[in-house]
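Asks: From first to last, the protein sequence lines are chains L and B. By this note's numbering, the letter at position 13 of the first sequence is numbered 13, and the numbering carries on one by one without gaps. By this note's numbering, the letter at position 116 of the second sequence is numbered 1116, and the numbering carries on one by one without gaps.
It should be emphasised that the hints constitute simulated quantities derived from the structure, not laboratory data. Some hints here could point you the wrong way.
[Stated by the list, open to error] Computed cross-link-like contacts, EDC-like style, restricted to lysine to aspartate or glutamate with a CA-CA straight-line distance of at most 16 Å:
id	chain 1	residue 1	chain 2	residue 2
1	L	Lys152	L	Asp128
2	B	Lys1171	B	Asp1183
3	B	Lys1052	L	Asp17
4	B	Lys1052	L	Asp18
5	L	Lys153	L	Asp124
6	L	Lys153	L	Asp142
[Said to hold, decoys possible] The following label-pair restraints were derived from C-beta to C-beta distances:
id	chain 1	residue 1	chain 2	residue 2	range
7	L	Thr27	B	Leu1089	51 to 59 Å
8	B	Lys1077	L	Pro126	39 to 47 Å
9	L	Thr27	B	Lys1077	34 to 42 Å
10	L	Asp17	B	Lys1077	49 to 57 Å
The beta-carbon is built from N, C-alpha and C at its ideal position, and this holds for glycine as well.
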Amino acid sequence: MPDDELTDALRAAQHGDDAGFALLWRTHHPSVLRYLRVVAGDHAEDAASETWLHVIRDLHRFHGDHDNFRGWLFRIARHRGIDEQRRRSRTRETATPPTRNAPDAAAEAAEGAATSWALAVIADLPADQAEAVMLRVVIGLDVATTAGILGKKPGAVRIATMRGLRRLATHPQIRTREGV
Amino acid sequence: MRSLNALLRALRTRRNKHGGNGTIAESGHPGLADLLEAARAPATPEELAGEKEVVAAFVAHRRRAARSSRRHRTKAKIRAVLVPVTAGLALLIFAGTGVAARTGNLPQEAQQRAHRLFSALGVPAPRTGNPVTPSPSPTLPGPRPSLDVTALTWCQAWSGPPTLSREDRRKLSAAAGGEDGIDEYCRALHRSASAQPPDAPSPAPSPAAPPSVEPPSAEPQPSGVPTTPGPAATREPGRPTQPGRAPTAPPSRKPPKPTHTGKPTGTPGEGRKARPNAANQTASPSVAATPTAEAQSDPHE
């Protein structure tokens, strides 16, 4: 999807055009949802809904092009995900198991299942590395935007990304896949 | 980016071991490449299932925002009209009241209050022609006589031996408009002070008048009650005061009455008829100095 087209859609949505907003949503919602699966786990759906409601509410106040919009969107998503996670862990202390058991890759052939597996594996990383890998490598944001979203310096983002990828490479399930 | 390159270099060294080819991560680490590929996979239908709801929420929010903004705009319009009108009206009322107070056109009570509050701004007291309000008279003419009296004493001190203090002398010359004008000023003051008694029954002449009239009344008194020095006592005996007035009263009075009551005093005083007059007299401090008032009150009986 060319950026110009998405910038036009953004402008249209800001002026109340629901088609433009729908295009933005279709383009970004899968990424937001996957990122939130890493950040908020099982509450990703709720956090994503909250994120888009926030976007709807504040869209007329947003200034910038589509790249800025992506950064804005994921910053909102991150905050909503963290809020959601915090709220759930306060109401149910045992809700968040320390280690997520990733589904067996070999057993799940469907494409959606593979995505879920991949996300689960990434979510197993330390939080900062998992977020950095998601935003930088999977979603493809640049270092500056990612640093802005995570509230870190660009150098720290680079290091977190590198360490995350290295750790993923040594993940047992990936190593078994390597052999396949 | 540099750290990623470092990572990729590290990955490349492993890739060489495996002898793979193609792009970096994927070729260097198929497992990792698969993982990232799976994470980046195109959206599944489930992920895009909620589009309708989100777009509906978007439309609803836009409608609500439009409505509230419209309401906001009409409210702002009303305010834009109402505020200047109210302010202008308030200003008009305020300014009108101010002008009326300044020119003394307010109703008596309001003018009096305005004068008390804003006399420094030149708000005049209500016109004293109206007899209804007794209050203006003490405020306006009050200070003037006192000034005259003090100035009069200054003048006396000025004309006599040098007993006038420097402070008083300064005040006097200020009042006269200069040291040279003092004589002229004092002369004028004396003239006005001596001219005052005849035209007004003010308290000033009363102290001077009684001595001239009272003595005659004291002489016939011995026959009556002895304790009658004050005006309160004059009420009781009735007669003793009347003799005092006797020299002045007769011209206005009818003669028959004295024959009826006057037994010890040889004066043509009036017995019972005198009482109401006595009451009249006690009301005013200057007993004997108001013959005209008495003459007026008598015919009523």
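Asks: So, for every hint listed, does it hold in this structure?
Replies: Taking the hints in turn, this is what the structure says about them:
1. This hinted pair checks out: Lys152(L) and Asp128(L) have alpha carbons roughly 10 Å apart, not beyond 16 Å.
2. Taking the CA atoms of Lys1171(B) and Asp1183(B), the gap is about 14 Å. The hint holds against a cut of 16 Å.
3. Of the pairs offered as hints, the one joining Lys1052(B) and Asp17(L) holds, with about 14 Å between alpha carbons and a cut-off of 16 Å not exceeded.
4. A distance of roughly 10 Å separates the Cα atoms of Lys1052(B) and Asp18(L); the hinted pair therefore holds under the 16 Å criterion.
5. In summary, the hint linking Lys153(L) to Asp124(L) is not supported, as the alpha carbons are separated by about 23 Å, beyond the 16 Å threshold.
6. As the CA atoms of Lys153(L) and Asp142(L) are separated by approximately 13 Å, the hinted pair is consistent with the 16 Å bound.
7. At roughly 58 Å, the beta carbons of Thr27(L) and Leu1089(B) sit within the given window of 51 to 59 Å.
8. Between Lys1077(B) and Pro126(L) the C-beta distance comes to about 57 Å, which lies outside the given range of 39 to 47 Å.
9. Taking 34 to 42 Å as the suggested C-beta distance range, the pair Thr27(L) and Lys1077(B) conforms, at roughly 40 Å.
10. As the Cβ distance of Asp17(L) to Lys1077(B) is approximately 28 Å, the hint placing it in 49 to 57 Å is violated.
In summary, the structure is inconsistent with hints 5, 8 and 10 from the numbered list given earlier, while agreeing with the others.
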